[in-house]
Amino acid sequence: MIIKRTDIGPQLSRMVEYRDMVYLCGVTADDKSAPAKRQTEQILAKIDKLLLQAGTDKTKLLTAVIYLADIRECEMVFESWKNWVDPQNPPARATVQATLATPDTRVEIMVTACKREG
Amino acid sequence: MIIKRTDIGPQLSRMVEYRDMVYLCGVTADDKSAPAKRQTEQILAKIDKLLLQAGTDKTKLLTAVIYLADIRECEMVFESWKNWVDPQNPPARATVQATLATPDTRVEIMVTACKREG
Amino acid sequence: MIIKRTDIGPQLSRMVEYRDMVYLCGVTADDKSAPAKRQTEQILAKIDKLLLQAGTDKTKLLTAVIYLADIRECEMVFESWKNWVDPQNPPARATVQATLATPDTRVEIMVTACKREG
Chain A
4 MIIKRTDIGP QLSRMVEYRD MVYLCGVTAD DKSAPAKRQT EQILAKIDKL LLQAGTDKTK
64 LLTAVIYLAD IRECEMVFES WKNWVDPQNP PARATVQATL ATPDTRVEIM VTACKREG
Chain B
4 MIIKRTDIGP QLSRMVEYRD MVYLCGVTAD DKSAPAKRQT EQILAKIDKL LLQAGTDKTK
64 LLTAVIYLAD IRECEMVFES WKNWVDPQNP PARATVQATL ATPDTRVEIM VTACKREG
Chain C
4 MIIKRTDIGP QLSRMVEYRD MVYLCGVTAD DKSAPAKRQT EQILAKIDKL LLQAGTDKTK
64 LLTAVIYLAD IRECEMVFES WKNWVDPQNP PARATVQATL ATPDTRVEIM VTACKREG
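Sequences listed follow chains A, B and C, in order. Per the working numbering, the very first residue in the first sequence carries number 4; after that it's consecutive. Per the working numbering, the very first residue in the second sequence carries number 4; after that it's consecutive. Per the working numbering, the very first residue in the third sequence carries number 4; after that it's consecutive.
Keep in mind that the hints were calculated from the coordinates and are not lab data. All clues given are correct.
Pairs involving identical chains hold if they fit within one copy or between any two copies, as the list cannot separate such chains.
Pairs of lysine-lysine residues, derived as DSS-like cross-links and limited to a Cα-Cα distance of at most 27 Å, are as follows:
1. Lys85 <-> Lys40
2. Lys7 <-> Lys85
3. Lys52 <-> Lys35
4. Lys49 <-> Lys118
5. Lys35 <-> Lys49
For reference, chain A alone in the conformation it holds in the complex (with noise of 0.2 Å):
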């Protein structure tokens, strides 16, 4: 078997993997009472834990979907952002503005990497 699937829940999978690809779901922060800033840290630092559950890391983002709930706080959700892409190797990505799940979900984050380089 090649789909590899993390944190399987009723709905969807936190992580799947396929062949030398890897594709998160779109992650949300976990203290959702946090300003932008910070729930983008949250975010982020998830991230780094799924990449490492696959084998990867953030040197090895190729895209990046930022899902903002308000796009006047996009200044706050990319220097979170700055401070933590490797500046070798950022992914590209796309920022729109979009309602989120729910009124105190201010940043929502959807990423793909792949495994190795070579």
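On the provided structure of chain A, position chains B and C as indicated by the hints.
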């Protein structure tokens, strides 16, 4: 030729297959007068049909993005989704609110899948 | 090294190539004072240029997500899109409304492509 396109229209293909990957367009319901739950059922039936045409099925879904016209309808949409998705093999999924092509379009779902396990 | 990143900025790469796959960032127009139709033309020209740099072209598009600041502008955007896309080889596409980075950003398009047919 290893790119295969299905239901080619002037603007988009309903499905694109490349090697063992399958990319579906954002699928909407045929009967847009139906409520969100019923629209979702229609969409999922259309996805089943397309995946079948590609020689695969919902157990091999990798990713899904659900766009909802009104996030408050997510419970209804998720009910249809839960009844449909294979509980052992749900995809990595994101769900966001987005105004869609017409006001009566309540849901649009874009999925990717692979064709085989090994 | 088989991940290749193009136009690396502090936050994102404009394009990421991995094996024979090409992932572009969400591309926006350079002249954001232009109306939606003209912004779309600028975006599509930028996409052409990036795909060329990756040794591929629009006939090998796999997916596209079009984000529109106002879905009522979709006819204008689709007119530019129809004039550009290869009628034999359109990608699987989704189109949704989303508030974008700045109020004058009317369109953002994120595509994936592959590099060759066989």
